[in-house]
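Chains as they are written, first to last, in the working numbering: chain A, 1308 to 1418; chain B, 1308 to 1418; chain C, 1308 to 1418; chain D, 1308 to 1418.
Derived from the structure by calculation, the hints contain no laboratory data.
Treat each hint with caution, since some may be false.
Unchecked claim - To list a few chain A residues with every Cβ distance to chain C over 12 Å, as calculated:
hint : residue
1    : Asp-1316
2    : Lys-1337
3    : Asn-1338
4    : Ala-1340
5    : Val-1351
6    : Leu-1365
7    : Pro-1366
8    : Ala-1367
9    : Asp-1401
10   : Lys-1405
11   : Leu-1408
12   : Lys-1409
13   : Leu-1417
As the list claims (entries may be wrong) - Taking lysine to any residue pairs in the SDA-like style, the calculated list, with each CA pair at most 25 Å apart, reads:
hint : chain 1 : residue 1 : chain 2 : residue 2
14   : A       : Lys-1402  : B       : Arg-1322
15   : A       : Lys-1409  : C       : Glu-1352
16   : D       : Lys-1402  : D       : Asp-1389
To be verified - To be clear about the criterion: a stretch of chain B counts as covered by chain C if any three or more of its residues have a C-beta under 8 Å from a C-beta of chain C, and this derived list gives those stretches:
hint : segment
17   : 1330–1344
18   : 1352–1359
Just so we're clear, the structure is a prediction, and the values are computed from it rather than from any experiment.
All C-beta atoms in this analysis are idealised placements derived from N, C-alpha and C, irrespective of residue type, glycine included.
Protein chains: 4
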Amino acid sequence: MESKQSLTDLRDALRRFAAERRWEVFHTPKNLAMAMIVEAAELVEHFQWLTPEQSMALPAEVHAEVRDEIADTFIYLLRMADVLEIDLIDAARDKMVKNALKYPALPADLR
Amino acid sequence: MESKQSLTDLRDALRRFAAERRWEVFHTPKNLAMAMIVEAAELVEHFQWLTPEQSMALPAEVHAEVRDEIADTFIYLLRMADVLEIDLIDAARDKMVKNALKYPALPADLR
Amino acid sequence: MESKQSLTDLRDALRRFAAERRWEVFHTPKNLAMAMIVEAAELVEHFQWLTPEQSMALPAEVHAEVRDEIADTFIYLLRMADVLEIDLIDAARDKMVKNALKYPALPADLR
Amino acid sequence: MESKQSLTDLRDALRRFAAERRWEVFHTPKNLAMAMIVEAAELVEHFQWLTPEQSMALPAEVHAEVRDEIADTFIYLLRMADVLEIDLIDAARDKMVKNALKYPALPADLR
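The task is simple: from the sequences and hints, build the whole structure.
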């Protein structure tokens, strides 16, 4: 996550990727939401039979597969945000403010 | 998405958010995968009865709700990646290379 | 699950329910698949922060909510099967035969 | 869906299937909810790039695959209901009563 513009660069790369395959016509928000949840489920699948403890100590091979599924979910989420002209970072920051009101922090001496 | 470090900053803010509520114990990868797909489904819900055309021209109020759901999905995805020590941007870049091999671009004159 | 024809009766009740609200036009397989996974996620939501043990000993109030979510998921699944002219029981039986080949039973002395 | 007891028979067959593989230990409601949504997503995947019209006219091969995914989703849903001692048919009937109050039928002359 080092470089400036990295998320913008990735968004632009995804635009080109879609254009070079003539996929734009399929990339309605409705379809992208479906594709995104399908990838999210492939991520869930890796954890369905694991204990909580096992899920925290994945074998290297499983970790690599999970990394790919996280990437695919992220790719569709970023692509969907782009099609809807939503900035992921701004949206997340704004939502965190709402979430903080909904779930107040514990007093420091109780943490 | 303008500033350097914005994704890293967001990741760190999510770490603090969890710590200030003593939520770390709940944030196993297994549980975060579940929470993430639940948010993904709340996003899907907004589109389930829409035509493809309607999904591309959301009323402002629905667009604002969709923005919040995209944000929540992204927040859990980023939090999950952090717990698993996965860099979202690097993972996405690596996966795009694989995806490009799996789905070759059309020749330029056919696009 | 006592009465003969109970699943067929339920399927027919769902047909009438849709007709009485003029919902048939929305009930494409694509849309029903989306509606079904949204209900499935509302079911998942009840379990996302629970330990495996807690998920096996739900408080009565949570159990009642889970029952409603299971019902909604089942309703959309049955409705989707109907629209696609698929018999749920027959489909499940056929799939169990395939699953048994894929995952052979343990020898009796190892169970 | 013809025979009396067909759903009960299926439930019992799923119990035996789990026992013969020593899978009961994995079949907590939490894990079954995850497995169920994963199958639901495999169903969604078949429809993600289709137009509404295409989703209503599936090629025979796709229809057969969709039938299998509907079956797997149903199998996990029925298994989950069994573990939670919930009767699928009763739960669906009760929920339809609630749904009818929430979404009243149109007057007969407007249908």
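Evaluated hints:
| no. | hint | result |
| --- | --- | --- |
| 1 | Asp-1316 | holds, 32 Å |
| 2 | Lys-1337 | violated, 8 Å |
| 3 | Asn-1338 | violated, 9 Å |
| 4 | Ala-1340 | violated, 8 Å |
| 5 | Val-1351 | violated, 8 Å |
| 6 | Leu-1365 | holds, 18 Å |
| 7 | Pro-1366 | holds, 20 Å |
| 8 | Ala-1367 | holds, 25 Å |
| 9 | Asp-1401 | holds, 23 Å |
| 10 | Lys-1405 | holds, 18 Å |
| 11 | Leu-1408 | holds, 20 Å |
| 12 | Lys-1409 | holds, 15 Å |
| 13 | Leu-1417 | holds, 19 Å |
| 14 | A/Lys-1402 <-> B/Arg-1322 | holds, 15 Å |
| 15 | A/Lys-1409 <-> C/Glu-1352 | holds, 18 Å |
| 16 | D/Lys-1402 <-> D/Asp-1389 | holds, 18 Å |
| 17 | 1330–1344 | holds (count 5) |
| 18 | 1352–1359 | holds (count 4) |
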